[in-house]
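Below are the chains, spelled out letter by letter.
There are 2 protein chains.
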Amino acid sequence: MSQTIRVAITGAAGQIGYALLFRIASGAMFGPATRVHLSLLELEAALPALEGVRMELEDCAFPLLDGVSMASDPMKAFEGADWALLVGSVPRKAGMERNDLLRINGGIFTAQGKALAAVAKKTCRVLVVGNPCNTNALIAMANAKGSLPKENFYAMTMLDQNRAIAQLARKAGVPVSQVGRVAIWGNHSSTQYPNFYDAQIGGKPLPEVIRDEAWLQGEFLATIQQRGAAIIKARGASSAASAANAVVDTVRGLTTPTPAGAWVSAAVCSDGSYGIPEGLMFGFPLTSDGKTHTIVKGLTPNEFSKGRIAATLKELVEERDAVKDLMP
Amino acid sequence: MSQTIRVAITGAAGQIGYALLFRIASGAMFGPATRVHLSLLELEAALPALEGVRMELEDCAFPLLDGVSMASDPMKAFEGADWALLVGSVPRKAGMERNDLLRINGGIFTAQGKALAAVAKKTCRVLVVGNPCNTNALIAMANAKGSLPKENFYAMTMLDQNRAIAQLARKAGVPVSQVGRVAIWGNHSSTQYPNFYDAQIGGKPLPEVIRDEAWLQGEFLATIQQRGAAIIKARGASSAASAANAVVDTVRGLTTPTPAGAWVSAAVCSDGSYGIPEGLMFGFPLTSDGKTHTIVKGLTPNEFSKGRIAATLKELVEERDAVKDLMP
Numbered sequence: 001m002s003q004t005i006r007v008a009i010t011g012a013a014g015q016i017g018y019a020l021l022f023r024i025a026s027g028a029m030f031g032p033a034t035r036v037h038l039s040l041l042e043l044e045a046a047l048p049a050l051e052g053v054r055m056e057l058e059d060c061a062f063p064l065l066d067g068v069s070m071a072s073d074p075m076k077a078f079e080g081a082d083w084a085l086l087v088g089s090v091p092r093k094a095g096m097e098r099n100d101l102l103r104i105n106g107g108i109f110t111a112q113g114k115a116l117a118a119v120a121k122k123t124c125r126v127l128v129v130g131n132p133c134n135t136n137a138l139i140a141m142a143n144a145k146g147s148l149p150k151e152n153f154y155a156m157t158m159l160d161q162n163r164a165i166a167q168l169a170r171k172a173g174v175p176v177s178q179v180g181r182v183a184i185w186g187n188h189s190s191t192q193y194p195n196f197y198d199a200q201i202g203g204k205p206l207p208e209v210i211r212d213e214a215w216l217q218g219e220f221l222a223t224i225q226q227r228g229a230a231i232i233k234a235r236g237a238s239s240a241a242s243a244a245n246a247v248v249d250t251v252r253g254l255t256t257p258t259p260a261g262a263w264v265s266a267a268v269c270s271d272g273s274y275g276i277p278e279g280l281m282f283g284f285p286l287t288s289d290g291k292t293h294t295i296v297k298g299l300t301p302n303e304f305s306k307g308r309i310a311a312t313l314k315e316l317v318e319e320r321d322a323v324k325d326l327m328p
Numbered sequence: 001m002s003q004t005i006r007v008a009i010t011g012a013a014g015q016i017g018y019a020l021l022f023r024i025a026s027g028a029m030f031g032p033a034t035r036v037h038l039s040l041l042e043l044e045a046a047l048p049a050l051e052g053v054r055m056e057l058e059d060c061a062f063p064l065l066d067g068v069s070m071a072s073d074p075m076k077a078f079e080g081a082d083w084a085l086l087v088g089s090v091p092r093k094a095g096m097e098r099n100d101l102l103r104i105n106g107g108i109f110t111a112q113g114k115a116l117a118a119v120a121k122k123t124c125r126v127l128v129v130g131n132p133c134n135t136n137a138l139i140a141m142a143n144a145k146g147s148l149p150k151e152n153f154y155a156m157t158m159l160d161q162n163r164a165i166a167q168l169a170r171k172a173g174v175p176v177s178q179v180g181r182v183a184i185w186g187n188h189s190s191t192q193y194p195n196f197y198d199a200q201i202g203g204k205p206l207p208e209v210i211r212d213e214a215w216l217q218g219e220f221l222a223t224i225q226q227r228g229a230a231i232i233k234a235r236g237a238s239s240a241a242s243a244a245n246a247v248v249d250t251v252r253g254l255t256t257p258t259p260a261g262a263w264v265s266a267a268v269c270s271d272g273s274y275g276i277p278e279g280l281m282f283g284f285p286l287t288s289d290g291k292t293h294t295i296v297k298g299l300t301p302n303e304f305s306k307g308r309i310a311a312t313l314k315e316l317v318e319e320r321d322a323v324k325d326l327m328p
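Line by line, the protein sequences are chains S and V. Mapping the first sequence onto our numbering, position 220 (from 1) lands on 220, and the numbers just tick up by one. Mapping the second sequence onto our numbering, position 297 (from 1) lands on 297, and the numbers just tick up by one.
Looking at chain S on its own, in the form it has when it is part of the complex:
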């Protein structure tokens, strides 16, 4: 047990951070034989609260936790990072236009991309969770160009995948482990497309098991696209623990070989697959050999899927165009 993975986490004192840090430190992300160091980034004003979180991490006596450091400067927090989990972002506030939101966060992710390029390990992998996560990841990737390979950047759609699997399993009356090959296409936003046509239930094509296509195209898609709002309405708080769990699932999915019949969802830098413009951060079905990911090839989206993919692509192109000047 000699290896220590250095994990940088932004927005560490927030609700997702609080749900995430203890799971990482317990070994849930990198397994029971890998030690971790947590390098936590927060705004200066949140460092006192973060110190309380650090004390609680200490109070767990986690055998795998090598240490915890804290900083308000990404040039310190990202130093030597093997993984950077970019959880923190500025949420949309009342009266804020979509372009304002893109540009405010664009500033943060420009600085973080430059800092990653300057001080992280050259093999560092970066998962962006803070929304709008696809375009935030695009900006970070562009600003780290020449130092970190573009293949090392991801934006999170795994929460959507897990939500889709759960709803499909419930509809089919099977355990979640029976549902495979579900993936989220496009943007992690309300235009996302949780493609069910290529999914399998118990190894069979899903459309042969769930024959209610109206439900799949209608209520199912709407439920997944609007699930975040439904949680906020019920809990009075956003979905922190399930988002944190999806971070764990994404990193595990990208660092362990993908089991047969399963896919990992994440937005990655498009290689032109399925007509998605090269260089755009777009959600695809992925598989992993434990070290690098591969976009699943050879699928043949039907007309319905093509329409949905075109809609989410249009949104992502607009987002990219709104922040073009932030990318060198």
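Just so you know, these hints were derived from the structure itself, not from any lab. Note that the coordinates shown come from a computational prediction; the quantities given were computed from them, not determined experimentally. Yeah, the Cβ is synthetic: ideal placement off N, Cα and C, and Gly gets one too. One or more of the hints may lead you astray.
Footprint (simulated), chain V over chain S, 3 or more residues, beta carbon under 8 Å [claimed, not checked]:
1) 16 to 24
2) 53 to 63
Which chain S residues stay away from chain V? Per the calculated CB distances, all over 12 Å, these [what the hints assert, rightly or not]:
3) A94
4) T110
5) A118
6) S190
7) Q200
8) E208
9) R211
10) C269
11) Y274
12) T300
13) S305
14) R308
15) A311
16) A322
Some but not every residue of chain S turned toward chain V, in silico, with C-beta under 10 Å [stated by the list, open to error]:
17) P48
18) L50
19) R163
20) Q167
21) P175
22) R227
23) I232
24) S239
25) A243
26) A244
27) D249
Assemble chain V onto chain S, guided by the hints.
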């Protein structure tokens, strides 16, 4: 993977519950080969928020999570339970006397003890986390008498043990895994005694490694006893995630064989060991064979330890006397 453990959790919509449920559902408590059903108890008024938590659990697509049920009646929530984690309790409010606190919670744990006796499995094990946890556990145990064996009741002191291990490891400059045989004696309150005299560091007696006895008897003890308040001061919220982690550690500690050189801390029904009156819920060092616990015998507390143990015993006897009429 045929076994499903039914775990009832009270106060499930609270902060500790939110930090705990996802770790149980992920397999952290009962291991990767055991399925779980979570049966959640909350006040009627908190059921809508709890529904949001249930949705988030669903949204994790945990392969080990068989199901989640919710109730406001302990007679429903405890039905068929293999484990009951009694997390919910009424916190002390401004102007509330200690006896008021004991009696208000006494009412809750009387009802829960009776419900456990009526509907839980006869082998159900019960861990009380809600404070004052020793006396709450005593009341639940007394009210479940004749149905559940007294050996199946525990009150949580594992957070204190973990805190003590972390502080001792830091002082000695060693990893936490090097610190063994630390245990919390007595009440989970400011009178608790985290006994360091029997502890070992790297297999050696701790007093031979940490030679600063003034620090051990002074600052160390005070730090552990007052750690909860220090966390609240820093975070602006109580220590939910580290408490939840201690719940995981306690149940794992009681359901897996204790490694050599390690102890598990919990308050259990005294068998008269070390002069502690039989029947009192008192924190002891324990070991487990994976099925039942044993109080560690044959230790010889020195005068300092004897004084500390007497002080925390005095408090627990007073607590018991204040709620005597609640125990049949």
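Consistency of the hints with the structure:
no.	hint	result
1	16 to 24	holds (count 5)
2	53 to 63	holds (count 10)
3	A94	holds, 22 Å
4	T110	holds, 31 Å
5	A118	holds, 31 Å
6	S190	holds, 16 Å
7	Q200	holds, 15 Å
8	E208	holds, 21 Å
9	R211	holds, 22 Å
10	C269	holds, 26 Å
11	Y274	holds, 25 Å
12	T300	holds, 26 Å
13	S305	holds, 22 Å
14	R308	holds, 21 Å
15	A311	holds, 23 Å
16	A322	holds, 30 Å
17	P48	holds, 6 Å
18	L50	holds, 9 Å
19	R163	holds, 5 Å
20	Q167	holds, 8 Å
21	P175	holds, 7 Å
22	R227	holds, 7 Å
23	I232	holds, 8 Å
24	S239	holds, 5 Å
25	A243	holds, 9 Å
26	A244	holds, 8 Å
27	D249	holds, 8 Å
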